[in-house]
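Keeping their order, the protein sequence lines are chains A and B.
Letter by letter, the first sequence follows residues 1 to 263 in our numbering.
Letter by letter, the second sequence follows residues 1 to 459 in our numbering.
Do not rely on the hints blindly, as some may be mistaken.
Claimed, not checked - Partial pick of chain B residues on the chain A-facing surface, computed with a CB cut under 8 Å:
| id | residue |
| --- | --- |
| 1 | Gly79 |
| 2 | Ala96 |
| 3 | Ile98 |
| 4 | Gly103 |
| 5 | Phe194 |
| 6 | Asn212 |
Please keep in mind that the hints were generated in silico from the structure rather than gathered at the bench.
Beta carbons: idealized from backbone N, C-alpha and C, even for Gly.
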Amino acid sequence: MFHNLRALLKYRQLIQAMVARELKARYRGSVLGFFWSFINPLLLLLVYTFVFSYVLPARQPNLDPYALFLFCGILPWTWFASSILESSNTLIAGGNLIKKVLFPAEVLPIVTVLANMVHFLLGLPILIGFLIYYRAPLQLSELVWFPVVVLVQLVLSLGLALIVSSLTVHFRDLKDILSNLVTFWFFATPIIYSMQDAPGLGKTFLNMNPFTHVAVSYQEILFYPGNFGHWKWLVALGVASVALFLVGYYLFDRLRDTFAEEV
Amino acid sequence: MNAIDVVNVTKTYRKYARRKQFATLKSAILSGTLVNDLNPEETFNALTGVSFSVRQGCTFGIVGRNGSGKSTALKVVAGITKPTTGTVSVQGRVSALIELGAGFHPEISGRENVFINGIMLGLSKKEITRRFDEIVEFAEIENFIDAPVKTYSSGMYMRLGFAVAIHVDPDVLLIDEVLAVGDEAFTHKCLDKFAEFRRRNKTVLLVTHSLNLVERFCDEALWLNDGRARATGDPRRVVSAYITDVEKQEERHMAEADAKAQAVVDQQSCAAESVDSRAPSPESRIPGTAREAQAVEPPPDMFQATEGRWGSREGEITNVELLGEDGAAAHVFFSGERVEIRLTLKAATPLTDFVVGIGIFNVDGVCAFGTNTNIEELKADRLEGEGRVTFAIDGLDLVAGTYKLDVGLHKLDGYSYDYHRLLYSFRVKSRTQDAGIYRPRHAWAFDGGVSFKERVAGS
Numbered sequence: 001m002f003h004n005l006r007a008l009l010k011y012r013q014l015i016q017a018m019v020a021r022e023l024k025a026r027y028r029g030s031v032l033g034f035f036w037s038f039i040n041p042l043l044l045l046l047v048y049t050f051v052f053s054y055v056l057p058a059r060q061p062n063l064d065p066y067a068l069f070l071f072c073g074i075l076p077w078t079w080f081a082s083s084i085l086e087s088s089n090t091l092i093a094g095g096n097l098i099k100k101v102l103f104p105a106e107v108l109p110i111v112t113v114l115a116n117m118v119h120f121l122l123g124l125p126i127l128i129g130f131l132i133y134y135r136a137p138l139q140l141s142e143l144v145w146f147p148v149v150v151l152v153q154l155v156l157s158l159g160l161a162l163i164v165s166s167l168t169v170h171f172r173d174l175k176d177i178l179s180n181l182v183t184f185w186f187f188a189t190p191i192i193y194s195m196q197d198a199p200g201l202g203k204t205f206l207n208m209n210p211f212t213h214v215a216v217s218y219q220e221i222l223f224y225p226g227n228f229g230h231w232k233w234l235v236a237l238g239v240a241s242v243a244l245f246l247v248g249y250y251l252f253d254r255l256r257d258t259f260a261e262e263v
Numbered sequence: 001m002n003a004i005d006v007v008n009v010t011k012t013y014r015k016y017a018r019r020k021q022f023a024t025l026k027s028a029i030l031s032g033t034l035v036n037d038l039n040p041e042e043t044f045n046a047l048t049g050v051s052f053s054v055r056q057g058c059t060f061g062i063v064g065r066n067g068s069g070k071s072t073a074l075k076v077v078a079g080i081t082k083p084t085t086g087t088v089s090v091q092g093r094v095s096a097l098i099e100l101g102a103g104f105h106p107e108i109s110g111r112e113n114v115f116i117n118g119i120m121l122g123l124s125k126k127e128i129t130r131r132f133d134e135i136v137e138f139a140e141i142e143n144f145i146d147a148p149v150k151t152y153s154s155g156m157y158m159r160l161g162f163a164v165a166i167h168v169d170p171d172v173l174l175i176d177e178v179l180a181v182g183d184e185a186f187t188h189k190c191l192d193k194f195a196e197f198r199r200r201n202k203t204v205l206l207v208t209h210s211l212n213l214v215e216r217f218c219d220e221a222l223w224l225n226d227g228r229a230r231a232t233g234d235p236r237r238v239v240s241a242y243i244t245d246v247e248k249q250e251e252r253h254m255a256e257a258d259a260k261a262q263a264v265v266d267q268q269s270c271a272a273e274s275v276d277s278r279a280p281s282p283e284s285r286i287p288g289t290a291r292e293a294q295a296v297e298p299p300p301d302m303f304q305a306t307e308g309r310w311g312s313r314e315g316e317i318t319n320v321e322l323l324g325e326d327g328a329a330a331h332v333f334f335s336g337e338r339v340e341i342r343l344t345l346k347a348a349t350p351l352t353d354f355v356v357g358i359g360i361f362n363v364d365g366v367c368a369f370g371t372n373t374n375i376e377e378l379k380a381d382r383l384e385g386e387g388r389v390t391f392a393i394d395g396l397d398l399v400a401g402t403y404k405l406d407v408g409l410h411k412l413d414g415y416s417y418d419y420h421r422l423l424y425s426f427r428v429k430s431r432t433q434d435a436g437i438y439r440p441r442h443a444w445a446f447d448g449g450v451s452f453k454e455r456v457a458g459s
């Protein structure tokens with residue numbers, strides 16, 4: 001397994017090329033092209049802001065400006081959710097590569113996660129625009145944590161993507177189960193509401209959700225004033241994510257030989 | 001030194017993939033059967049105990065019928081699938097041409113696809129940049145290299161895929177039936193490239209149905225049949241053993257088909273007798289049965305008619321046999337061979353007005369030859385009880401192909417006693433791939449300023 005993990009480093013050119021291909025192919029032929037990476041989250045944000053500010057105004061004074069709060073959670077969530085959903089199909093869609101070419105299969109889910117990460121990064125300028133517009137209380141000591149959160153989320157997503165992609169090959173129902181699960185997961189994560197608003201038992205429940213800590217970390221760094229107090233949780237999640245990645249990779253490695261026959 | 005060593009490899013596939021095997025995901029994980037959950041009743045062996053080795057610099061061919069395990073063998077060598085038991089070892093960089101352009105993304109340009117495909121096949125970006133022009137030139141798509149691959153014709157797609165794969169410069173090249181891409185000129189170019197590989201002492205493993213190619217290029221060959229190695233060694237010997245076997249099998253198939261036709265004929269004779277002796281039996285009125293096909297009147301346009309049998313049955317053809325040179329019944333003949341067509345005739349009441357006819361048709365329905373006793377000025381005398389008619393053909397001078405036989409027994413004025421339309425088939429084999437229907441005995445002779453060197457090998 002560790003031999004294979006080392007081999008993964010050799011594939012970075014391949015991964016890089018395939019991520020680029022993925023991004024190019026995605027918007028090839030559309031008029032706005034890469035701008036969709038900006039427009040998509042912006043439109044999503046507009047809808048949510050409209051609904052929760054005017055249609056269902058459950059306004060909490062601590063969540064003002066609400067659009068900014070929402071954006072801190074939705075942008076990373078989109079990356080996370082798309083990574084998982086797309087990775088469930090990635091081995092099957094790439095079946096030709098696995099069956100007909102000598103191809104390291106783990107590259108496919110990794111490329112999926114990384115391509116979505118690029119979309120996330122392309123959405124950051126909009127977030128920065130919002131931050132400047134609302135004069136958000138940013139602190140340098142907090143901002144240094146930002147790349148750490150991104151890294152933790154990356155490792156967590158990679159681990160899940162490896163598990164999901166390898167299991168879906170054998171258990172195709174997982175794809176449909178996941179699409180429902182992800183919707184549920186979204187509402188079980190403090191993205192459209194804040195962690196503080198959750199009742200006592202709900203808080204315990206939310207704490208068990210790994211993405212809670214990712215979302216809360218983004219919110220604390222970018223939205224809430226004051227120091228980044230969530231770092232202990234984040235570090236713990238980071239360690240857990242590395243463990244999950246290793247488990248995911250191990251599972252993927254064990255199932256690897258069956259892919260060529262099953263996809 | 002051996003470049004490829006395959007030792008006692010067995011590859012087992014599931015037959016009914018995923019029916020029972022993950023009843024629920026949880027149970028699969030809990031019972032620990034997530035990996036290699038093989039149920040012996042639902043498997044089949046694509047390869048069974050296959051061993052072969054290919055020396056460095058050799059070209060090795062694998063032949064066999066469809067489904068004999070050729071491609072599986074190639075995939076096992078390529079490392080795309082793992083053998084269930086046995087070991088495979090390959091020395092050096094491997095490139096597998098199993099499906100051309102397998103990694104192409106339709107939306108992006110040929111140029112970008114060349115890079116990505118090259119990286120997939122194990123080249124670095126720098127190496128691809130260095131070979132890029134060569135690849136594009138080889139694929140002959142200079143003008144379209146910046147267009148998205150989805151706009152390519154299938155030939156262009158294949159050519160580009162082939163060009164990239166062949167420029168990976170592997171030590172071991174695995175080829176699965178892909179040399180036949182593109183037009184004649186491109187095929188020649190591929191073969192040249194292929195020869196260049198051999199010159200540079202690279203190892204090639206070739207899976208193909210083109211036996212010519214095997215005889216022409218391979219140093220050694222393997223014949224797989226139902227996942228087992230039937231023969232290895234000298235390609236000419238292996239190929240001829242394979243051809244002999246295929247012929248035997250075809251013979252068997254034809255015999256079965258004729259047996260079926262004969263069964264229909266027999267059944268109809270029985271029915272005819274019952275019609276003659278008694279009032280029509282109720283079964284013969286059942287629509288859709290074979291008996292219904294037995295019409296007394298011939299179809300209006302004889303040459304439009306498909307297989308069938310008709311006639312009044314006052315005289316009958318009860319058996320039709322094709323006999324080869326050795327006098328035994330056969331269905332596959334070599335072009336130019338002596339063949340006899342033997343008919344068994346029967347008449348309940350003596351007949352004096354009758355003509356026996358024979359027609360040979362090719363698969364397109366074109367009459368290759370047709371004659372009857374009247375055309376050949378034989379005057380009918382008597383047909384009584386049972387008798388045999390033998391139509392001997394000295395040399396079956398037809399080109400290779402499948403032919404169908406008409407046999408008929410009728411009156412001079414065309415009134416049918418018994419006509420069997422295209423009910424019997426036979427195959428003609430030939431070493432040469434000449435065109436047309438008729439293959440006259442012929443020879444070439446040259447003198448003066450015209451001369452030819454020895455035969456082009458294999459063509």
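Hints, one by one, checked against the model:
1. Residue-level restraint check for Gly79/B holds (minimum Cβ-Cβ distance to chain A is 6 Å; threshold 8 Å).
2. Hint on Ala96/B holds. Least Cβ distance to chain A is approximately 6 Å, under the 8 Å limit.
3. Interface restraint check for Ile98/B: the shortest CB-CB distance to chain A comes to about 5 Å, inside 8 Å, so the restraint holds.
4. Hint status for Gly103/B relative to chain A: holds, with the closest Cβ pair at about 5 Å, below 8 Å.
5. Interface hint status for Phe194/B: violated, as the beta-carbon distance to the closest one in chain A is roughly 20 Å, over 8 Å.
6. Against a cut-off of 8 Å between C-beta atoms, the interface hint on Asn212/B is violated, since the closest Cβ of chain A lies about 26 Å away.
When held up to the earlier numbered hints, the structure conflicts with 5 and 6 and fits the remainder.
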